[in-house]
Amino acid sequence: MLNILKDETERIERLFEKYPSRRSAMLPLLWMVQEKTGWVSQEAMEEVAEILAVTPAEVYEVVSFYTMFQQRPTGKTHIALCDTLACAICGTHEIAAYLEEKYGIEVKKVTKDGRFSLELVECIGACSMAPALLANEDLHGNLTPESLDQLIASCP
Amino acid sequence: MSITELERVLLPNIEKNETEWLSAYKAQGGYEVARKALGMTCEEMIQIVKDSGLRGRGGAGFPTGMKWSFLNKKDSPRYLCINADESEPGTCKDRPLMEQRPHTLLEGIICSCLALEVQSAYIYIRGEYYKAAKILNKAIEEAYEAGFLGENIFGVQGKKVDIVVHRGGGAYVCGEETALLTSLEGYRGYPKLKPPFPAVAGLYGKPTIINNVETIINIPFILKNGAEWFKKWVHEKTTGLRLYSVSGHVKRPGVYELPPTVTLKQLIFDICGGIRNDHELKWVIPGGSSVPWLLPHQIDVPLSHEGVAAAGSMLGSSAVMVMDHTVCPVWALANLSHFYQHESCGQCTPCREGTAWMFKIVQRIEDGHGTMADLDALYSIAGEGKPGSGMISGKSICALGDAAAWPVGSAIAQFRNEFEEHVRLGYCPYKNKRYWMANGRFVNEQFHPHKHH
Numbered sequence: 295m296l297n298i299l300k301d302e303t304e305r306i307e308r309l310f311e312k313y314p315s316r317r318s319a320m321l322p323l324l325w326m327v328q329e330k331t332g333w334v335s336q337e338a339m340e341e342v343a344e345i346l347a348v349t350p351a352e353v354y355e356v357v358s359f360y361t362m363f364q365q366r367p368t369g370k371t372h373i374a375l376c377d378t379l380a381c382a383i384c385g386t387h388e389i390a391a392y393l394e395e396k397y398g399i400e401v402k403k404v405t406k407d408g409r410f411s412l413e414l415v416e417c418i419g420a421c422s423m424a425p426a427l428l429a430n431e432d433l434h435g436n437l438t439p440e441s442l443d444q445l446i447a448s449c450p
Numbered sequence: 300m301s302i303t304e305l306e307r308v309l310l311p312n313i314e315k316n317e318t319e320w321l322s323a324y325k326a327q328g329g330y331e332v333a334r335k336a337l338g339m340t341c342e343e344m345i346q347i348v349k350d351s352g353l354r355g356r357g358g359a360g361f362p363t364g365m366k367w368s369f370l371n372k373k374d375s376p377r378y379l380c381i382n383a384d385e386s387e388p389g390t391c392k393d394r395p396l397m398e399q400r401p402h403t404l405l406e407g408i409i410c411s412c413l414a415l416e417v418q419s420a421y422i423y424i425r426g427e428y429y430k431a432a433k434i435l436n437k438a439i440e441e442a443y444e445a446g447f448l449g450e451n452i453f454g455v456q457g458k459k460v461d462i463v464v465h466r467g468g469g470a471y472v473c474g475e476e477t478a479l480l481t482s483l484e485g486y487r488g489y490p491k492l493k494p495p496f497p498a499v500a501g502l503y504g505k506p507t508i509i510n511n512v513e514t515i516i517n518i519p520f521i522l523k524n525g526a527e528w529f530k531k532w533v534h535e536k537t538t539g540l541r542l543y544s545v546s547g548h549v550k551r552p553g554v555y556e557l558p559p560t561v562t563l564k565q566l567i568f569d570i571c572g573g574i575r576n577d578h579e580l581k582w583v584i585p586g587g588s589s590v591p592w593l594l595p596h597q598i599d600v601p602l603s604h605e606g607v608a609a610a611g612s613m614l615g616s617s618a619v620m621v622m623d624h625t626v627c628p629v630w631a632l633a634n635l636s637h638f639y640q641h642e643s644c645g646q647c648t649p650c651r652e653g654t655a656w657m658f659k660i661v662q663r664i665e666d667g668h669g670t671m672a673d674l675d676a677l678y679s680i681a682g683e684g685k686p687g688s689g690m691i692s693g694k695s696i697c698a699l700g701d702a703a704a705w706p707v708g709s710a711i712a713q714f715r716n717e718f719e720e721h722v723r724l725g726y727c728p729y730k731n732k733r734y735w736m737a738n739g740r741f742v743n744e745q746f747h748p749h750k751h752h
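Keeping their order, the protein sequence lines are chains E and U. Using my numbering, you'd call the opening residue of the first sequence number 295 and step up by one each time. Using my numbering, you'd call the opening residue of the second sequence number 300 and step up by one each time.
The following block holds chain U by itself, in its conformation from the complex:
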């Protein structure tokens, strides 16, 4: 399968960047779906989304139509929040969408607001995405001027939609939907206990729907072409084309739009050209940094929620990280554990303490000071990479603790011999040994500039 043979919907002009301008977008039929949606009933629209099988593209994969049907319409005002926090390591698909299709996203938001009978939407975008936030703000300005946003949109009396871009400040946890809401309310991004779910009591205590950027950008296409069209691309209960962020040691990393029938093996070896320098594939993280790791013999599976689950991992945010044989799994786990202990919000003891302990222990093993008892301790904290096992998973308000524990459990399960080797040898056996920051400063044995690939 070559890239040129693949159909593209979301990323047709990804290099051209022309949809930023309203006139270009309108020339392609832009905002016609929103105009059409004004003539549809909410029930009709929600039914089409339900029938399409669209599932949230942020990571959890919850059916969007079903989420929408939970919104408590007896209470008002209601809100729609677009989760543009995209902070799961490995995931980098929403940024190109926002930078290159801002008006398509706005049209998706307008359609969704009409379906949900919502008048104000907030795009919560991570602070690092300066450019995307600027482009969105400009597109919003254009849409207001054209009468597509604000009071009486498209000249229809009484129909109102407002969109506000709200920038975060650099906190992974704000991608968690309730933390996103507390952050938007002007507080530390602390997740809240559920229930009540946001669909009942969300932003400012009012009914709120939170959807990922890629989820919402699919809405105009689904409303235009119908649910059956979306189901052309199907594997079990995963429908539609989706964006896969590929990073790490492949020859052609990038963001690819693919059907869920493509296998992880095809993605890595055909579409991304295989492993750099013709190295050996060591392992793959198939769905963002939180999901269990897969070994080379486990990757011949379709990239659907069901396909990846059957291999023992999760599709998550469909962010595929590829490691070649030069990467030490213990070092890589220390890197990820550092991320989670840094990003834990600190509210719940099992997560705050557990993530910090996991990092310390993994780092100790990587540094060659670990013992076999450390391995057991790690295993007892992290569990076996399944929900509810270990001392963290299922014991905190949000899933950050789970997300931190799953890779630990799975790394030990997949590479136990290498962890034990570190303990036995008293050092990391990998060449180009890299140390973590010591006292906030990076220390490297081979501390000289050199050309890297």
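Just chain E, with the same shape it has in the complex:
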């Protein structure tokens, strides 16, 4: 029984047309789930398994391999702060400290009001704009305390 993806049958059919093998729709389906619910729950994995006619364990195997699939609920705005060398030498840790001190946003935690969650991630491909982060889908680079304040204020 589909619940999360029950209104998406048309999109899913179009997805299958793109690949010679149904299994290739695995990552696109997981992205679809994450777009709708913000994370990939066990229920979602069971639905994806049903759609692809594989076992839930096979879906979990994939979900647990790719770091961008969230296995627990995130804040309304999920911040993925880059912590690989180019960003780290340009202030990642100062930013993490700033976010915690000023806004109470802590690494690997969701804020009490549910507005934010923060994660330190490996390189996000914005090295020449270091330090950089992804706030949900949006890339923000050349971060300063001022630009962070603006970003935080602009988030719902």
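Just so you know, the hints here were simulated from the structure itself, not pulled from any lab data. Fair warning: there could be bad hints in the mix.
Label-pair restraints from in silico Cβ distances [what the hints assert, rightly or not]:
{"no.": "1", "chain 1": "E", "residue 1": "ARG366", "chain 2": "U", "residue 2": "TYR503", "range": "30 to 38 Å"}
{"no.": "2", "chain 1": "U", "residue 1": "LYS550", "chain 2": "E", "residue 2": "LEU445", "range": "18 to 26 Å"}
{"no.": "3", "chain 1": "E", "residue 1": "LEU445", "chain 2": "U", "residue 2": "ASN524", "range": "37 to 45 Å"}
{"no.": "4", "chain 1": "E", "residue 1": "LEU296", "chain 2": "U", "residue 2": "GLY687", "range": "32 to 40 Å"}
{"no.": "5", "chain 1": "U", "residue 1": "PRO376", "chain 2": "E", "residue 2": "LYS402", "range": "42 to 50 Å"}
{"no.": "6", "chain 1": "U", "residue 1": "PHE453", "chain 2": "E", "residue 2": "GLU344", "range": "39 to 47 Å"}
{"no.": "7", "chain 1": "E", "residue 1": "LEU445", "chain 2": "U", "residue 2": "PHE453", "range": "24 to 32 Å"}
By construction, the Cβ of each residue, glycine as well, lies at the ideal position given by its N, Cα and C atoms.
Assemble the complex: chain E is given as a structure, and chain U must be docked to it using the hints.
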């Protein structure tokens, strides 16, 4: 040399962002090369690419024309995969290309599909590139509507090209071509043993060519202007303009399009304005995080595959990371080793265990708990930064283990005294000491917000 004097091909409108729209691109002569390519034979096109000397821009630098000639055309269907995973730390050149020249990339894919007699292409783009994926999808939609993609492209009966954007989920290893294919097939991104090479048995077991975004975007320009034009910019066996991603402590980091004759020194001190706050240059990683490190006296070399190799490193993905004297090399190595142990897919024991051990040992030294024996252990695991040396390099399915070991071997070779100093002192002698995450949470001695540059 000033930036304005430099020729630009791939990045002419990098600020304007106007090529996103099909009409703007067509006004500049867009898709005319693809139309012309329909009248050329496959052999002709492959020969031009071979003659141009174009080499893969993803990191390995393999000659593109030669790769294309390996495709087994007796089997079908065949596939073209565009590697837009761009995950080598330091590399950030394909994102602006996709965001600002999506139609040029599509034209490159169409031309390549015609040369390779391939009807479906997949763009495997890293999950973090939300915006680029959206822009590409929109451009693809436009191209279908205009009749440049789909059945009977440009009105030519029987010519078919389909392009699909496939998003990854955040895994460095999926930039490795066979891992990219397993990921695209809907599995964990596990690399596969070669042979068989993808050109014989790749995606869904069928002949497949995998090329980097920047490689493919060069194709329309080469077909239009000819192989000799591309060789205007040449140093030894490296031809054409190329994109250099510059990050770290230069005054003007960014993505620069330059000929391979430009030296690393010119790039850092002339084009990027030198080191921030007029600090001292400490070291450079010239080709993405996997390559051996270079000291200031080693950087007066052309930024070609051969030039950087002569200095003892690799051009790789031409991602230049610049560190000033405030950066502790042991801390930096711990950062990179953390990356590799996190990204090892776990299939092969030497890489899975080796990367984790290297990180633990480097971190221990950085934390001041290391011993001289740790240095030797590290050296024996990582080897001397050369292929085949040490306990990891050459002993796993893909090159991730090698990529993890090379910086370790070279960091110790370049900064042995500093590693020993950490051991002797029992702490990291650098100011603004930063600690790695402890139990998943970052811990900093000076834990207060302050203004950073």
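Verification of the supplied hints:
| no. | hint | in the structure |
| --- | --- | --- |
| 1 | E/ARG366 with U/TYR503: 30 to 38 Å | 34 Å, holds |
| 2 | U/LYS550 with E/LEU445: 18 to 26 Å | 25 Å, holds |
| 3 | E/LEU445 with U/ASN524: 37 to 45 Å | 43 Å, holds |
| 4 | E/LEU296 with U/GLY687: 32 to 40 Å | 52 Å, violated |
| 5 | U/PRO376 with E/LYS402: 42 to 50 Å | 44 Å, holds |
| 6 | U/PHE453 with E/GLU344: 39 to 47 Å | 42 Å, holds |
| 7 | E/LEU445 with U/PHE453: 24 to 32 Å | 45 Å, violated |
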